[in-house]
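Undergrad: Dock chain B against chain A, hints included.
Line order of the protein sequences matches chains A and B.
When you line the first sequence up against my numbering, it's residues 1 to 255, in that order.
When you line the second sequence up against my numbering, it's residues 1 to 164, in that order.
Treat the hints with care, as some may be off.
What the hints assert, rightly or not - Here's a subset of chain A near chain B, in silico, CB distances under 8 Å, partners left out:
(1) R33
(2) I79
(3) K116
(4) V122
(5) I215
(6) L243
(7) C245
What the hints assert, rightly or not - No more than 27 Å apart at the CA atoms, straight line, and that leaves these computed lysine-lysine pairs for DSSO-like:
(8) A:K165 - A:K109
(9) A:K165 - A:K53
(10) A:K40 - A:K116
(11) A:K8 - A:K53
(12) A:K8 - A:K116
(13) A:K163 - A:K116
(14) A:K47 - B:K153
(15) A:K109 - B:K76
(16) B:K101 - B:K114
(17) A:K47 - A:K8
(18) B:K76 - B:K101
(19) A:K40 - B:K76
(20) A:K116 - B:K76
(21) B:K153 - B:K101
(22) A:K109 - A:K8
(23) A:K109 - A:K163
(24) B:K76 - A:K107
(25) A:K107 - B:K114
(26) A:K8 - A:K163
(27) A:K47 - A:K116
(28) A:K40 - B:K153
For the record, the hints were derived by calculation from the structure and aren't laboratory data.
Predicted model, so just to flag it, every value in this text is computed and none were measured.
Every residue, glycine too, gets a C-beta built ideally from N, C-alpha and C.
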Amino acid sequence: MNSPNQLKDITRFLLEYANRLMGSGVHTSRVIRNTRRIGKSLDVDVKMSLFQKTMVMSVCDNESQEVYNEVTIIPAFPISFELNSELSALSWDACDNHLSLDALWEKYKYIISRPKMDPLCVLFLVGFANASFCALFGGDWTARIIVFSATLIGFYTKQAMQKRKINHYIIFVVSAFIASLTASSALTLNTTAEIAIATSVLYLVPGVPLLNGVIDIVEGHVLTGCTRLIQALLLVLCISVGLACTLMLISNSLL
Amino acid sequence: MIAIDILTDAFFAAIAAIGFGAISDPPLRAFPSIALLSAIGHSLRFCLMTYLGVDIATASLCASFAIGMGSLVLGKHIYCPMTVLYIPALLPMIPGMYAYKIVFSLIMFMQNMKVPELQQKYLIDVFTNSIVTCSVIFMLAVGATFPLFLFIKRAFSLTRHKKI
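Same shape as in the complex, but just chain A (with noise of 0.2 Å):
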């Protein structure tokens, strides 16, 4: 039986991971899964209601059935499916060795100061995924290159405004615009230059969400699935502002 202190405690620490999970792009029902599977191991009993940008949660204990009950502001943490994975094999660890709560701050501080992939590594494969996208949609060389150069410039663009923290419906814009605009150069040279400018904003394309906007829907929790498919659109929108701008410019000559 758990003191109201220590169910306290438990929800803290249940709130701070169900935080970690949606804020880093986990689709819902995983995250209540989890959060449930880890409340089982301390003897609680987890319900938790989610939005995109608060969560309600109440803990009850198994024994005594009292009921702590609080709401949290979800955080945005950038989509990592590292922490998708480790914390959800925290939870089978809690579930299979049943860690206590301080073992379990312990492991769960570990997982999230690990350290992230470099972001010039990142830029290069970007760049490399790009290119070949290109040539997925049948871009021939010059293309393949007009593009992956577009698509560094674009990705690096974006990446020094996520550093400074700028909006990031400007982030899509600027970076679409950058990354077009770069790529409209194929059109002084003979080649596939209206594939070059389409292929060169796809990495944008917040697939992602998207994608767990869809799965969520599915799976029934069908309102912070319009969410996510909501936000993915906006931003899809973004690009095509940034992609307007510069089809607009050189309209004429891509006739």
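TA: Frame of chain A; chain B shown alone:
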């Protein structure tokens, strides 16, 4: 010739999946599986569409179902949840080209206000491309999630280290 076409398609899809996946920071041990799944999925869609004449939505459904099943099998070996493997693998199949054409036709629609014939053409383009984009994204997500409903117990315990 056909084999080379399929292999290049698979190769480029694998690179694209690794690169786009890297934006979302997956665990390092997941990269080989992501590349493999994406190569299988994308080349399967390529084959279905080019050689069997299947439409893009159905082909995407088949490919994403294959990716979903693959992530269920591979996930157990490297202790990764299904979504960590299949979302990056699906990213190269998101129909960006059609999304681009929506924007392009919208702009051309607005710029040809005085020419009704061209406007009709671009309006149809907007609709066609939006329908394709939406249905393909929906099919991708549903196809990859489907194995989760079929093998619910295994899918939920992929990150469990203890043998049951």
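Undergrad: Does each hint hold? Answer for all of them.
TA: Checked hints:
With 8 Å as the threshold, the beta carbon of A:R33 comes within range of chain B, its nearest partner Cβ sitting at about 7 Å, so the hint holds. Interface hint at A:I79: satisfied, since its Cβ lies 4 Å from the closest Cβ of chain B, which is below the 8 Å cut-off. Taking 8 Å as the C-beta cut-off, the interface hint given for A:K116 holds, the closest approach to chain B being about 6 Å. Interface hint status for A:V122: upheld, as the beta-carbon distance to the closest one in chain B is roughly 5 Å, under 8 Å.
Because the closest C-beta pair between A:I215 and chain B is about 5 Å apart, less than 8 Å, the hint holds. The interface hint given for A:L243 holds, since its Cβ lies 6 Å from the closest Cβ of chain B, which is under the 8 Å cut-off. For A:C245, the shortest C-beta to C-beta distance to chain B is roughly 10 Å, which exceeds 8 Å, and the interface hint is violated. Distance hint between A:K165 and A:K109 is fulfilled; the C-alpha atoms sit about 24 Å from each other, no more than 27 Å.
Between the alpha carbons of A:K165 and A:K53 the distance comes to roughly 19 Å, so the proposed pair stays at or under 27 Å and holds. This hinted pair does not check out: A:K40 and A:K116 have alpha carbons roughly 31 Å apart, beyond 27 Å. Distance restraint check for A:K8 and A:K53: the Cα-Cα separation of roughly 22 Å lies within the 27 Å cut-off, and the hinted pair is therefore satisfied. Distance hint between A:K8 and A:K116 is unfulfilled; the C-alpha atoms sit about 32 Å from each other, more than 27 Å.
As the CA atoms of A:K163 and A:K116 are separated by approximately 15 Å, the hinted pair is consistent with the 27 Å bound. With a CA separation close to 21 Å, the supplied pair A:K47 and B:K153 stays within the 27 Å bound. Straight-line distance between C-alpha atoms of A:K109 and B:K76 comes to about 25 Å, which keeps the hinted pair within the 27 Å bound. The hinted pair formed by B:K101 and B:K114 meets the criterion: a straight-line CA distance of about 21 Å does not exceed 27 Å.
Distance check on the hinted pair: A:K47 and A:K8 sit about 15 Å apart at the alpha-carbon level, within 27 Å; holds. Proximity of B:K76 to B:K101 is assessed by CA-CA distance (about 40 Å); at most 27 Å being required, the pair is judged violated. The suggested pairing of A:K40 with B:K76 holds, with an alpha-carbon distance near 23 Å, which does not exceed 27 Å. For the given pair, A:K116 sits about 24 Å from B:K76 by alpha-carbon distance, which is consistent with the 27 Å threshold.
A distance of roughly 42 Å separates the Cα atoms of B:K153 and B:K101; the hinted pair therefore is violated under the 27 Å criterion. In summary, the hint linking A:K109 to A:K8 is supported, as the alpha carbons are separated by about 19 Å, within the 27 Å threshold. Distance check on the hinted pair: A:K109 and A:K163 sit about 23 Å apart at the alpha-carbon level, within 27 Å; holds. About 22 Å separates the Cα atoms of B:K76 and A:K107, which keeps this hinted pair within 27 Å; it holds.
At most 27 Å may separate the alpha-carbon atoms for a hinted pair to count; A:K107 and B:K114 exceed this at roughly 65 Å. Under the criterion of a C-alpha separation no larger than 27 Å, the hint pairing A:K8 with A:K163 is inconsistent with the structure, at around 35 Å. Note on A:K47 and A:K116: the hinted pairing is violated, with a Cα-Cα distance of about 32 Å set against a maximum of 27 Å. Restraint check: the Cα-Cα separation between A:K40 and B:K153 comes to about 17 Å, which is no more than 27 Å; the hinted pair holds.
The structure is inconsistent with the numbered hints 7, 10, 12, 18, 21, 25, 26, 27, although it conforms to all the rest.
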